[in-house]
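Trainee: From first to last, the protein sequence lines stand for chains A and B. So the first sequence is numbered by my numbering: it starts at 1158 and just counts up by one. So the second sequence is numbered by my numbering: it starts at 1158 and just counts up by one.
Derived by calculation from the structure, the hints in this document are not laboratory data. Being a predicted model, the structure only gives us computed values, none of them experimental. Certain hints may be false.
Just the calculated beta-carbon pair ranges, DEER-fashion [to be verified]:
hint : chain 1 : residue 1 : chain 2 : residue 2 : range
1    : B       : 1399      : A       : 1275      : 56 to 62 Å
2    : A       : 1408      : B       : 1325      : 26 to 32 Å
3    : A       : 1408      : B       : 1356      : 54 to 60 Å
4    : B       : 1304      : A       : 1296      : 44 to 50 Å
5    : A       : 1408      : B       : 1291      : 18 to 24 Å
6    : A       : 1327      : B       : 1384      : 51 to 57 Å
7    : A       : 1352      : B       : 1210      : 19 to 25 Å
8    : B       : 1208      : A       : 1256      : 42 to 48 Å
9    : B       : 1293      : A       : 1183      : 27 to 33 Å
10   : A       : 1372      : B       : 1254      : 27 to 33 Å
11   : B       : 1285      : A       : 1296      : 56 to 62 Å
12   : B       : 1221      : A       : 1358      : 31 to 37 Å
13   : B       : 1194      : A       : 1384      : 45 to 51 Å
C-beta atoms are modelled at their ideal positions from N, C-alpha and C, and glycine is treated no differently.
Number of protein chains: 2
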Amino acid sequence: MSEDRVYTACVLIIGNEILSGRTKDSNLAWLAERLNEAGIRLREARVVSDVEDDIVRAVNEVRGRYDYVFTTGGIGPTHDDITADCVAKAFGVPLREHPEALARLAAGYANPAVDLNAARRRMARVPEGGTLIDNPVSRAPGFKIGNVYVMAGIPRVMQSMFDSIRPTLKGGKPLLARQIGAELPEGRMAEGLGALQNRYSDLEIGSYPFNRMGKVGAAIVLRGTDKARIDAAAEELIQLMKSLGGEPVEEPITSG
Amino acid sequence: MSEDRVYTACVLIIGNEILSGRTKDSNLAWLAERLNEAGIRLREARVVSDVEDDIVRAVNEVRGRYDYVFTTGGIGPTHDDITADCVAKAFGVPLREHPEALARLAAGYANPAVDLNAARRRMARVPEGGTLIDNPVSRAPGFKIGNVYVMAGIPRVMQSMFDSIRPTLKGGKPLLARQIGAELPEGRMAEGLGALQNRYSDLEIGSYPFNRMGKVGAAIVLRGTDKARIDAAAEELIQLMKSLGGEPVEEPITSG
């Protein structure tokens, strides 16, 4: 059952490759949508580099601030994969080889005695008190400790890990949304929109300008947990747009 | 002239639309590349929602930590555009209408007396002590205060703003990079890569696994400011890959 409490989350993306521009992150948008569906508000996202102090500080800053922290990246076998070490340090606990994690890794190799070398065994290390997160794609598990969920950076693997923990996450009421667009400049709607937001302080009203083939306008997004309130605000918004000479159009909310 | 000092930056992306998954951010990857070229290391990126306390806290946390902070988003005419207010609050200074900003806005309207309404005038507000950032695309300027550069969220506008401030930014030596890939699993290269990183502690060596049409391998990125050192490490890396039976291939470093 959903409840009135608001659950919050932060996504922590770990990796130089995002900050150098080499790799365009796609995990954030995917997680944002799934968390919204789960009734969990993604309140912040951070990208930090593969530097121990930076990761430890970020983990400790955000795990106290939000109900959930989801990390992506830095859990492979190479020297630049230091997420497990940093999370253990952030929690002040030792990092130990986890027997079940080791067994899962071993099961993936034809000849574990040879193939499960020291580097690969690093992937079986879990901070004391942590529990495993299943990895149906490539076996090497993630882990959860406290409210921190440590997942892979490769989107396909991260997604399978998230899907495996999803049923265990408690959320509040899912955020519902409607988007209504019109070829009216933001600056002409702004006063009315501000007044609408004041009357509907339980909703989040966002204005996103567009320029589609020379047509200037804005898409207005109404978000909240109460469908009746969203619909009522949408009706007022439609009237506002019409009063300014616009032709309001209901639009799907899509990812950019 | 470049110098040995390392300059660091944080990008602060302001907007519910990124955290809801509605909009996929593309500003981070663009800024990451430009900053690298300018010899400025992007050390962190944060996405925060349109909530005053969250923005004020984030601005204050990161402006003390890095040489430069670049914000994107939240500078339009609507009620959800609160970046200027929050930056003023973070610096503890009043937010005032800036005459030059107002003049630039007015120049964009056929009939400023009517069109430059109260909502649009909000876009002329600048924290006391701030200076304008040109906006060649849509006039409404950004601003700089201290080490914080406040820019638009719309990529085309943000890019034109960044291009206008780019010549004023001091950077160190640009980061150079080479990427060499091989169809070898990370776990087989990891030991040698770790040893290579230890011998070249002045370089950043990153390993990024891939699975290209069923072929498992990894791309190794070598970054640093000294071309000769990168080339020397690359030569050793190539030998390492060959010794493991791989066929190393020099690859372009591309975004996503």
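Trainee: Decide, hint by hint, whether the structure agrees.
Mentor: Results of checking the hints against the structure:
no. : hint                        : result
1   : B/1399 x A/1275: 56 to 62 Å : violated (22 Å)
2   : A/1408 x B/1325: 26 to 32 Å : violated (40 Å)
3   : A/1408 x B/1356: 54 to 60 Å : holds (56 Å)
4   : B/1304 x A/1296: 44 to 50 Å : holds (45 Å)
5   : A/1408 x B/1291: 18 to 24 Å : violated (32 Å)
6   : A/1327 x B/1384: 51 to 57 Å : holds (53 Å)
7   : A/1352 x B/1210: 19 to 25 Å : holds (24 Å)
8   : B/1208 x A/1256: 42 to 48 Å : holds (44 Å)
9   : B/1293 x A/1183: 27 to 33 Å : holds (31 Å)
10  : A/1372 x B/1254: 27 to 33 Å : holds (30 Å)
11  : B/1285 x A/1296: 56 to 62 Å : holds (58 Å)
12  : B/1221 x A/1358: 31 to 37 Å : holds (33 Å)
13  : B/1194 x A/1384: 45 to 51 Å : holds (48 Å)
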